[in-house]
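Engineer: Each chain, written out:
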Amino acid sequence: MALDIDSYIGMQAQALKVQSRRTELLAANLANADTPGYKARDIDFREALSAAGYGTGTGSAPLPMARTSAGHVDGLGSGTAADGTLKYRVPLAPALDGNTVDAQLEQAAFAENAVRYQATLTLINSKLRSLMTAITGQ
Amino acid sequence: MSSFSIFDIAGSGMSAQSVRLNTVASNLANAESVSGTAAGAYRARHPVFKAEQPADPSDPGAGVAVQGIVESTQAPDKHYDPGNPLANSDGYVYSPNVNTVAEMVDMISASRSYQNNVEVMNTARTLMLATLKLGQ
Chain A
18 MALDIDSYIG
28 MQAQALKVQS
38 RRTELLAANL
48 ANADTPGYKA
58 RDIDFREALS
68 AAGYGTGTGS
78 APLPMARTSA
88 GHVDGLGSGT
98 AADGTLKYRV
108 PLAPALDGNT
118 VDAQLEQAAF
128 AENAVRYQAT
138 LTLINSKLRS
148 LMTAITGQ
Chain B
181 MSSFSIFDIA
191 GSGMSAQSVR
201 LNTVASNLAN
211 AESVSGTAAG
221 AYRARHPVFK
231 AEQPADPSDP
241 GAGVAVQGIV
251 ESTQAPDKHY
261 DPGNPLANSD
271 GYVYSPNVNT
281 VAEMVDMISA
291 SRSYQNNVEV
301 MNTARTLMLA
311 TLKLGQ
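Quick mapping for you: the protein sequence lines, in order, are chains A and B.
Take any residue in the first sequence, note its place counting from 1, add 17, and you have its number in the working numbering.
Take any residue in the second sequence, note its place counting from 1, add 180, and you have its number in the working numbering.
Since the hints were derived computationally from the structure, they do not count as laboratory data.
Take these hints with a grain of salt, some might be off.
[To be verified] Below are the EDC-like pairs computed for lysine to aspartate or glutamate, each with C-alpha atoms no more than 20 Å apart in a straight line:
hint, chain 1, residue 1, chain 2, residue 2
1, B, K230, A, D119
2, B, K230, A, D114
3, A, K104, B, E232
4, A, K56, A, D114
5, A, K144, A, D23
6, A, K34, B, D188
7, A, K144, A, D114
8, A, K34, A, D59
9, A, K56, A, D23
10, A, K144, A, D119
11, A, K56, B, E232
12, A, K144, A, E64
Only chain A is shown next, with the shape it has when bound in the complex (with noise of 0.2 Å):
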């Protein structure tokens, strides 16, 4: 049995490049948080990895609508997987200048961030590892 390394760390390399997407948003929201006008966003991790195709399972991933035509759009939003994973944050108390970043909150989002996505590199660490004892046998 071949073994497809892809596959062997597909979720886990898929996690860390939402994570590592997660951290880039964090950090606009915190460098923003003076910004007047400036949005909040997040990443819906859930939907960010059922679009790579690593769903949960739980039948969240929403299905496509068949296409009889090359004109009918297929109702999961347009441009790439990655964009409809991309929200707003619903403000608890918004700024009068519009702006919608609660600090203390995307402080503890981004340490939360951190800590997953040292887990992810763990995980995958430790896939490594034990692929390395199957190859030396040691």
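Chain A is already provided as a structure; the job is to place chain B on it using the hints.
Structural biologist: Leaving out everything else, chain B in the frame of chain A:
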């Protein structure tokens, strides 16, 4: 790897906050600089921040840019101080429209935001170094 742009984003936030700190320093330093005319009085300066929308809308990174610095339009305070060499013929001097309490609050807010961006950069650095060590 796209997460290199985190350094740009956090860096733009840091530079914007340092502009804000600079204006606060300028406002506080000039809080007592009186002038003989209303037009010549120092006016409080504040930076205007704007999010830098990336060319590709699916790109999450949006840094912050200082669009400009505006001067407060509030009328300067007029004081009767005939002993001041800068006083006009009626003995009045005009002091800047700087609200020192608001400036101090602004300074704390700018300093905290700057620290936030530094922490973001530090965390991103740690994560990327950990990614580099993958498989070792």
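Engineer: Taking 20 Å as the top limit, are the C-alpha atoms of K34/A and D59/A close enough?
Structural biologist: Given pair K34/A, D59/A holds - Cα atoms ~14 Å apart, limit 20 Å.
Engineer: With the threshold set at 20 Å, check whether the alpha-carbon distance from K104/A to E232/B stays at or below it.
Structural biologist: holds, 18 Å
Engineer: Decide if the proposed pair is consistent with the structure: K56/A and D23/A, CA atoms, cutoff 20 Å inclusive.
Structural biologist: Since the Cα atoms of K56/A and D23/A sit roughly 36 Å apart, the hinted pair is violated (cutoff 20 Å).
Engineer: For a C-alpha distance cap of 20 Å, please report whether K56/A and D114/A respect it.
Structural biologist: Given that 20 Å is the threshold and the Cα spacing comes to 11 Å, the pair holds.
Engineer: Do the alpha carbons of K144/A and D114/A lie within 20 Å of each other, as the hint requires?
Structural biologist: violated, 48 Å
Engineer: Within 20 Å, alpha carbon to alpha carbon, are K144/A and E64/A?
Structural biologist: At roughly 25 Å apart (the allowed maximum being 20 Å), E64/A and K144/A break the hint.
Engineer: Starting from K56/A, check that the Cα of E232/B is at most 20 Å away, please.
Structural biologist: Holds, because 12 Å separates the two Cα atoms, which is no more than 20 Å.
Engineer: Given the hinted pair K34/A and D188/B, is their alpha-carbon gap at most 20 Å?
Structural biologist: holds, 19 Å
Engineer: Between the alpha carbons of K144/A and D119/A, is the straight-line distance 20 Å or under?
Structural biologist: violated, 37 Å
Engineer: Below or equal to 20 Å on CA atoms is what counts here, so check K144/A against D23/A.
Structural biologist: holds, 12 Å
Engineer: Holds or violated: K230/B with D119/A, Cα cutoff 20 Å?
Structural biologist: Cα-Cα ~17 Å, so holds.
Engineer: Assess, step by step, whether the Cα of K230/B is no farther than 20 Å from the Cα of D114/A, and give holds or violated.
Structural biologist: holds, 12 Å
Against the hints set out earlier in the document, violations occur for numbers 7, 9, 10 and 12.
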